[in-house]
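A.B. asks: So for the sequence shown, the working numbering puts the first residue at 1; every next one is plus one.
Treat the hints with care, since some could be wrong.
Cross-link-like lysine to aspartate or glutamate pairs, in silico, EDC-like; alpha carbons within 16 Å at most [as the list claims (entries may be wrong)]:
id	residue 1	residue 2
1	K4	D132
2	K65	E90
3	K14	E45
4	K94	D113
5	K124	E84
6	K124	D113
7	K41	E11
8	K58	E90
9	K4	D131
10	K4	E136
11	K62	E82
12	K124	E90
13	K120	E84
14	K41	E26
15	K65	E97
16	K41	D74
17	K120	E11
18	K108	E97
19	K120	E90
20	K4	E133
21	K108	D53
22	K58	E26
23	K14	D74
24	K58	E84
25	K124	E45
26	K124	E136
27	K120	D74
28	K62	E84
The hints are simulated quantities; they were obtained by calculation from the structure and are not laboratory data.
Quick caveat, the model's predicted, so the values are computed rather than measured.
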Amino acid sequence: MNTKLVERANEVIKGFEYASFGVIDESGYPSASAIILCNPKGISELYFITTMDSNKAKRLRKNNKASINCYTVDNNLTLVGEAEIITNQETKSKYWEEWIELGVDIYKDGVSDPNYCIVKFTTKRVSLWVDDEGAEFMLD
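Generate coordinates for the entire structure from the input sequences, incorporating the hints supplied.
C.D. replies: Given below as structure tokens:
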């Protein structure tokens with residue numbers, strides 16, 4: 001594993017707000033959707049919000065294997081791993097942001113809405129292209 005490339009990928013991911021999130025659907029096919037990342041700090045763990053009744057959450061409860069892809073013209077990060085749905089109030093409050101309330105009628109009770117949840121993604125395998133260099137490796 002190229003430590004410099006991993007460090008650079010950890011920096012690159014901090015610049016991403018949007019990503020594609022892939023899960024396995026009920027028929028065994030991949031299904032991707034757009035997500036908004038919650039202040040990413042590195043490639044090993046990522047967080048985003050969704051609703052308990054979303055297709056993402058329903059599918060993750062059946063199969064927690066997932067993938068996240070972030071890309072620009074110059075950089076591509078594909079992360080493969082496992083996702084878990086988190087519903088404890090402490091974590092929900094940590095990732096709640098004011099913009100969630102703006103124009104979104106999904107969370108009627110705000111941060112304490114029972115339909116509001118966090119998805120924690122833990123990376124197991126990385127495939128990336130950063131600074132004109134590619135690599136694929138496992139994370140411990």
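A.B. asks: K58 and E84 were given as a pair; does the straight-line alpha-carbon distance stay at or below 16 Å?
C.D. replies: holds, 11 Å
A.B. asks: Taking only the CA atoms, is the gap from K4 to D132 under or equal to 16 Å?
C.D. replies: holds, 13 Å
A.B. asks: Does the structure keep K65 and E97 at a Cα separation of 16 Å or less?
C.D. replies: violated, 27 Å
A.B. asks: Under the criterion that the straight-line Cα-Cα distance not exceed 16 Å, is the pair K4, E133 satisfied?
C.D. replies: holds, 11 Å
A.B. asks: Check whether the Cα positions of K58 and E26 lie no farther apart than 16 Å.
C.D. replies: holds, 9 Å
A.B. asks: Within a Cα-Cα threshold of 16 Å, do K58 and E90 meet the stated pairing?
C.D. replies: With Cα atoms ~22 Å apart, K58 and E90 exceed 16 Å; violated.
A.B. asks: Can you confirm whether the C-alpha distance between K4 and D131 stays at or below 16 Å?
C.D. replies: Given pair K4, D131 holds - Cα atoms ~11 Å apart, limit 16 Å.
A.B. asks: Is the hinted pair K14 and D74 satisfied, with a Cα-Cα distance of at most 16 Å?
C.D. replies: Judged against 16 Å, a Cα distance of about 15 Å means the pair holds.
A.B. asks: Keeping to a limit of 16 Å between CA atoms, is the pair of K14 and E45 held or broken?
C.D. replies: holds, 12 Å
A.B. asks: Sort out whether D113 lies within 16 Å of K124, counting only the CA atoms.
C.D. replies: violated, 31 Å
A.B. asks: Does the alpha-carbon distance linking K108 and E97 stay inside the 16 Å limit?
C.D. replies: Satisfied, since the Cα-Cα distance of roughly 14 Å is no more than 16 Å.
A.B. asks: Check whether the Cα positions of K62 and E84 lie no farther apart than 16 Å.
C.D. replies: Within the cut-off at roughly 11 Å; holds.
This entry does not satisfy hints 2, 6, 8, 12, 14, 15, 16, 17 and 27, going by the numbered hints stated previously.
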